[in-house]
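Peer 1: One-letter residues, chain by chain:
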Amino acid sequence: MASQARPRRSASQASPAKSPAVEVEVPTENTAGDRDGQVRQFYRDMVLVRRFEERAARAYTEALIGGYCHLNLGEEAAVVGLMAALRPTDYLFTNYREHGYAIMRGIDPKRVMAELYGRVDGVSKGWGGSMHMFDITHRLLGGYGIVGGQLPLATGAALAIDYRGGDEVVMCTLGDGTTAIGAFHESLNIAALWKLPIVFVIINNGLGMGTTVEKSSAEPDLYKRGAAYRMESARVDGFDPVAVHEAAVKAIAAARSGKPYLLEVVTERLRGHSVVDPAKYRSVEEVERLKHEDPIQIFGAKLTADGILDSDRIAAIEAEVAGIVTEAADFAANSPHPDVSTLFDYTYATPVANDSRRLPGQPLFDPLPFPSTANAGAPVSGITT
Amino acid sequence: MTIMTYRQALHDTLRAEMLRDDNVLLMGEEIGVFEGSYKITAGLLKEFGEKRVRDTPIAEEGFAGAAIGAAMLGLRPVVEMMTINFSMLALDQIINHAAKIYGMFGGQARVPLVIRTPGGGGQQLGATHSQNIELFYAFVPGMKVVAPSTPADAKALLLAAIRDDDPVLFLENLALYNTKGEVPDDDTPAEIGRAAITRPGKDLTLIGYSRMAHVAAEVAESLARSDGLDIEVVDLRSLRPLDRETFISSVKKTHAVVVLEDDWLTYGIGAEVAASISDGAFDYLDAPVRRVAMAEVPMPYSKPLETAALPSRDDVVAAIRQTLAAVGRRPAQPLATSATGVS
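In order, the protein sequences belong to chains S and C.
Take my numbering: the last position of the first sequence gets the number 385, and nothing is skipped along the way.
Take my numbering: the last position of the second sequence gets the number 343, and nothing is skipped along the way.
For the record, the hints were derived by calculation from the structure and aren't laboratory data.
There could be a bad hint or two in this list.
[Stated by the list, open to error] Going by beta-carbon spacing under 8 Å, a handful of chain S positions derived as facing chain C: (1) Ala32; (2) Gly33; (3) Lys125; (4) Leu159; (5) Tyr348; (6) Ala349; (7) Ala353; (8) Gly361; (9) Phe365.
[Claimed, not checked] Straight line, CA to CA, 30 Å or less: simulated DSSO-like cross-link-like pairs of lysine-lysine: (10) S/Lys195 x C/Lys180; (11) C/Lys180 x C/Lys202; (12) S/Lys302 x S/Lys291; (13) S/Lys195 x C/Lys39; (14) S/Lys224 x S/Lys195; (15) C/Lys303 x S/Lys195; (16) S/Lys280 x S/Lys291; (17) C/Lys39 x C/Lys202; (18) S/Lys302 x S/Lys215.
Ideal placement from N, C-alpha and C gives every residue a C-beta, glycine not left out.
I would like the entire structure built from these sequences, with the hints used as guidance.
Peer 2: Right under this line is the structure:
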């Protein structure tokens with residue numbers, strides 16, 4: 001059973017692992033008005049992610065979306081805070097729970113929804129689906145469906161930046177369960193050895209699919225794993241977008257100076273692992289607790305109490321977001337499916353001799369006339385490869 | 001033309017490509033200070049420095065994946081997997097990622113990556129170090145797999161692989177590193193996806209790749225001298241894509257075929273070649289397609305057992321004689337008779 005008290009989120013935050021601290025300046029020059037605007041924007045963005053995901057879930061149950069569909073419900077503050085800390089030129093590698101990240105990287109929600117629908121206007125042209133969003137112009141270098149697959153790739157992207165002396169940073173997000181796989185350790189080790197500009201971000205929602213962190217990690221304080229690589233690390237409350245943003249800014253600044261960083265963002269997954277998962281492994285108590293653990297409600301209540309938000313502004317945000325989401329769903333529904341004639345367009349980037357373009361029912365070779373004596377030794381013809 | 005070893009051809013080509021293109025870098029275990037398990041990268045660390053010749057931790061998945069990620073941003077990494085056996089630790093990165101990234105993201109990112117790795121047995125290295133598992137990679141759309149058998153092809157195919165924008169598994173072989181041959185001085189890349197008829201002939205088609213293409217050439221020469229047989233040798237050179245047209249044309253001409261492979265027979269590369277021949281030259285065959293492949297056992301350490309498990313020249317000769325016997329011809333039959341074709 002998942003732990004009930006969520007000690008991870010209430011634990012002291014940003015405890016550095018046993019490694020030298022990095023002196024990093026967090027920008028503080030914003031005026032109060034700018035800060036209010038920023039946190040309102042965070043709230044609005046969180047609502048956008050939430051409503052987008054709810055619309056995706058609906059489309060999934062309507063069979064408009066196929067495959068698996070993993071949602072960012074409960075992780076909105078983490079998504080928004082992290083993405084706000086990246087420069088447009090920085091790179092993001094993430095996993096299969098990435099719709100919100102794609103939108104917050106600046107990709108048009110219409111194109112994200114169209115990808116979920118498998119249409120040509122999708123970010124990956126309908127080739128990727130929910131788990132494989134990619135947009136080179138917004139430097140989202142993939143959603144990856146294999147747990148941990150993105151970690152070595154992200155490390156390599158950071159290597160390429162370092163190789164060229166660039167000042168971009170790679171952010172690589174992963175789930176709590178991913179910290180158990182070999183690629184996690186190999187990647188953190190390589191990143192630390194080669195001083196690569198990368199931030200690894202563990203989105204710790206407490207559960208793999210249904211297996212708790214405590215049951216899958218011998219060191220459930222996941223950020224402490226950075227110590228094994230002398231990598232600075234911290235844990236932050238993933239329900240607070242401002243705290244996540246500040247922690248990410250610090251981590252990114254460290255990475256930009258050649259000090260890779262491990263950040264653990266403690267959050268919740270409000271629903272099942274994917275749309276179809278009823279999450280029956282959760283206790284009654286936990287389900288009850290989660291009803292009161294909603295980052296949007298909590299953050300909205302705080303901003304309201306601080307006088308930054310009010311019911312009119314919230315209603316305006318909801319109306320704006322509803323329009324965006326509806327427009328996205330309409331756009332996706334009206335975007336064409338890829339033409340079957342494009343099936344062989346993306347096997348190879350460099351065209352190659354004898355590349356197979358055979359459909360399942362086609363013979364490998366065109367049927368030849370039944371051989372008479374005239375056919376023996378005839379030139380080859382009709383190979384369809 | 002310069003006569004050199006397969007090893008030298010690889011070394012010189014890597015060096016030349018690094019001089020030509022700053023984006024080419026080498027990554028792998030013990031390739032720098034140690035100069036490579038098989039010394040292909042000897043001297044390159046000294047010449048190019050640690051930035052471009054990277055000794056990696058023993059983390060095949062990690063460094064193969066890092067090479068893929070670097071390739072996504074436009075570098076052209078050439079990874080050395082110490083042997084193909086160890087590449088299995090990186091299967092997820094190679095098959096689930098390198099081979100998928102171009103297609104899965106709708107053509108937005110390319111993976112110009114080369115993974116060089118030797119297969120091969122015969123060195124008494126036992127079960128885990130003597131495998132030929134190129135099939136794993138050749139099975140996967142999105143991968144390109146090349147398998148040079150000569151120093152000239154080692155150069156030409158490596159040039160092609162490094163300049164290609166797709167992930168290429170470049171299969172070497174322990175037994176080929178010291179073989180010598182003429183290598184052209186110019187830097188014309190080979191065409192991936194093309195087999196070659198390395199010896200024209202009329203009596204039977206002998207198909208192989210990597211070490212077994214080398215063996216095929218030797219056996220063909222030997223049988224020409226001893227038996228007057230005129231054997232055509234097809235070197236597959238590229239396992240994906242597979243150039244069916246070249247060997248189908250050959251079989252249509254010779255009507256008899258023996259397929260050689262250093263991997264296991266069941267489901268092996270030769271199975272695909274044989275199935276293709278059955279599809280494309282069924283009516284031209286005068287004898288069943290014969291395959292010569294490794295015995296289907298975990299490779300033993302014991303020398304006599306290992307020797308028995310590996311395909312030998314004698315095995316190939318016996319398979320050729322049996323195949324020709326099956327079409328009613330005799331190995332010593334005069335060429336003029338066999339050239340008339342069908343029995």
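Peer 1: Could you run down the list of hints and mark each one as holding or not?
Peer 2: To see whether the hints hold, each was checked on the structure:
Because the beta carbon of S/Ala32 sits about 40 Å from the nearest beta carbon in chain C, more than 8 Å, this interface hint is broken. Violation of the interface hint for S/Gly33 is found here, the shortest Cβ-Cβ separation to chain C being roughly 39 Å, above the 8 Å cut-off. Contact between S/Lys125 and chain C, as hinted, is supported at the beta carbon level, the nearest pair being about 3 Å apart and thus within 8 Å. Hint status for S/Leu159: holds, given a least beta-carbon distance of 5 Å to chain C, under 8 Å.
Below 8 Å, beta-carbon pairs count as interface contacts, and S/Tyr348 has one with chain C at about 5 Å; its hint therefore holds. Because the closest C-beta pair between S/Ala349 and chain C is about 4 Å apart, less than 8 Å, the hint holds. Here the hint on S/Ala353 is kept, as its CB sits about 3 Å from the closest CB of chain C, short of 8 Å. The closest approach between the C-beta of S/Gly361 and any C-beta of chain C is roughly 14 Å, which is over the 8 Å cut-off, so the hint fails.
Because the closest C-beta pair between S/Phe365 and chain C is about 4 Å apart, less than 8 Å, the hint holds. For the proposed pair S/Lys195 and C/Lys180, the alpha carbon gap of about 42 Å is over 30 Å, so the pair is violated. About 27 Å separates the Cα atoms of C/Lys180 and C/Lys202, which keeps this hinted pair within 30 Å; it holds. Between S/Lys302 and S/Lys291 the CA atoms are separated by roughly 17 Å; this keeps the pair inside 30 Å, and the hint holds.
For the proposed pair S/Lys195 and C/Lys39, the alpha carbon gap of about 28 Å is at most 30 Å, so the pair holds. Note on S/Lys224 and S/Lys195: the hinted pairing holds, with a Cα-Cα distance of about 19 Å set against a maximum of 30 Å. A C-alpha spacing of about 46 Å is found between C/Lys303 and S/Lys195, which places the hinted pair above 30 Å, so the restraint is violated. Between S/Lys280 and S/Lys291 the CA atoms are separated by roughly 15 Å; this keeps the pair inside 30 Å, and the hint holds.
Restraint check for C/Lys39 and C/Lys202: not satisfied, since their Cα atoms lie roughly 40 Å apart, outside the 30 Å limit. With a C-alpha separation of about 34 Å, the suggested pair S/Lys302 and S/Lys215 falls outside the 30 Å cut-off, and the hint is violated.
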